[in-house]
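**Student:** To convert, note that position 58 of the sequence shown is 58 in the UniProt record's numbering; the numbers rise steadily by one, no gaps.
Don't take every hint at face value.
[Claimed, not checked] Distance condition first, Cα-Cα at most 30 Å in a straight line; then the derived DSS-like pairs of lysine-lysine: (1) K285 / K124; (2) K26 / K130; (3) K270 / K285; (4) K2 / K285; (5) K322 / K270.
These are computed hints drawn from the structure, not numbers from a lab.
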Amino acid sequence: MKFDHEKALTRAEVLKALKARWEFEKRTERVPVGEACGRVLAQDCHAAYDLPRHRVSSFDGIAVRAADFAQGVPDTCEWVRGVHFTQADTGDDFPDEFDTIIAAEDVGYDEAGRLILNSALEVKVGNAIKRAGATMGKGELLYEAGTLLGPEALAILAAGGWAEVPVVARLKVAYLPTGTELVPVGTVPERGQNVQTNSLMLGAYFAQWGAEMIAYDIVADDRAALSIAIDRALAEADVVLVNGGSSRGSEDFNSELLQERASWFSHGVKAVPGRPIGLAVIEGKLAINVPGPMIAAYLAADWLVRGLVCHYYGQPMPQRVKVPAVLDAPLGARPGFEHLARLVAHDVGGVLHAAPVPNSATLAENIRSVNAFLAVPAGVRYEAGDVADIELLGTKAR
Numbered sequence: 001m002k003f004d005h006e007k008a009l010t011r012a013e014v015l016k017a018l019k020a021r022w023e024f025e026k027r028t029e030r031v032p033v034g035e036a037c038g039r040v041l042a043q044d045c046h047a048a049y050d051l052p053r054h055r056v057s058s059f060d061g062i063a064v065r066a067a068d069f070a071q072g073v074p075d076t077c078e079w080v081r082g083v084h085f086t087q088a089d090t091g092d093d094f095p096d097e098f099d100t101i102i103a104a105e106d107v108g109y110d111e112a113g114r115l116i117l118n119s120a121l122e123v124k125v126g127n128a129i130k131r132a133g134a135t136m137g138k139g140e141l142l143y144e145a146g147t148l149l150g151p152e153a154l155a156i157l158a159a160g161g162w163a164e165v166p167v168v169a170r171l172k173v174a175y176l177p178t179g180t181e182l183v184p185v186g187t188v189p190e191r192g193q194n195v196q197t198n199s200l201m202l203g204a205y206f207a208q209w210g211a212e213m214i215a216y217d218i219v220a221d222d223r224a225a226l227s228i229a230i231d232r233a234l235a236e237a238d239v240v241l242v243n244g245g246s247s248r249g250s251e252d253f254n255s256e257l258l259q260e261r262a263s264w265f266s267h268g269v270k271a272v273p274g275r276p277i278g279l280a281v282i283e284g285k286l287a288i289n290v291p292g293p294m295i296a297a298y299l300a301a302d303w304l305v306r307g308l309v310c311h312y313y314g315q316p317m318p319q320r321v322k323v324p325a326v327l328d329a330p331l332g333a334r335p336g337f338e339h340l341a342r343l344v345a346h347d348v349g350g351v352l353h354a355a356p357v358p359n360s361a362t363l364a365e366n367i368r369s370v371n372a373f374l375a376v377p378a379g380v381r382y383e384a385g386d387v388a389d390i391e392l393l394g395t396k397a398r
């Protein structure tokens, strides 16, 4: 399909247009609390009971009666465990007749096993006692609907009585690889063939982002076969991602097939790599035709599919850490296009430097070495030596 710059949208316009037209209903399901990390709560969760159920000791020590210390620290040589005091370590319950805690650091025993206390102790009623409900009170709101659950949340929910957690069902993204030249993983490619690996990369990313990928077999560049596969994917998934056949090749049918079915359609994004993207709304569902090359497919998934996944769950788009870096080579965008630049960042004497991957690099070298990103706005050009705020893709620069 021919690219028309006048009709193409910016990345921000694409997301806005799709979100406004996407008709989805969030499904819910219950999962064991131990499997809920990274899931989004479907309803408010309240504590089912007070915790602790009764007052307990706040730290390791012994429980005593504060009245026995009204005149200072008494002679405890004849004190009997269970009568005059009792052991009460952190989180322990203890008999109601005792009303305060003495820390283990102030407690000792002589050779005969008799209790010895620090003579400088000041004992007050209620010292180091955690009241019932101090951890959480019955009916207390633990987490609101829409919360993205992290590891700590699982512990709090479990403590509050939630053995199973109501969560938003995972967004289903159908992935449809197309191209007569593609062969499955494990096949040794012959002349004119290429191994279909984008499903491995995108499936792993979708799982990280909270979506479930439905992976389809490779479909050859046959219009009838592609049409059947697209209809099947639309019936089974919330979002359909068709990989390949988005540009101007003689067998690039996919965007045309989406357009034929769409109530709204747009082709092309004012960003490179990845400009020949087809965007369709079909009976309220989203269908996206992304370019076949690995880097272009990754970039489209990173800003577009991830943005839609976040929208579905009601979560903000995560922002990467930005740090200033000296650019070691010129970097610019084509007129009218945003440049999505993948960079190699490295430390030079305590100063961060960054540069594009050399054009001579293989795809493997490119993927292996890139650790930073910079979206260069249309019409902007950086010269060597300029400083720009780059986004780090990993934990640190090399």
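**Student:** Confirm or reject each hint.
**Tutor:** Each hint, compared with the structure:
1. K285 / K124: With a Cα-Cα distance of about 66 Å, the restraint between K285 and K124 is violated, given a limit of 30 Å.
2. K26 / K130: violated, 41 Å
3. K270 / K285: holds, 23 Å
4. K2 / K285: holds, 24 Å
5. K322 / K270: Measuring from Cα to Cα gives roughly 23 Å; hence the hint holds.
Hint compliance for this structure: hints 1 and 2 are broken, all remaining hints hold.
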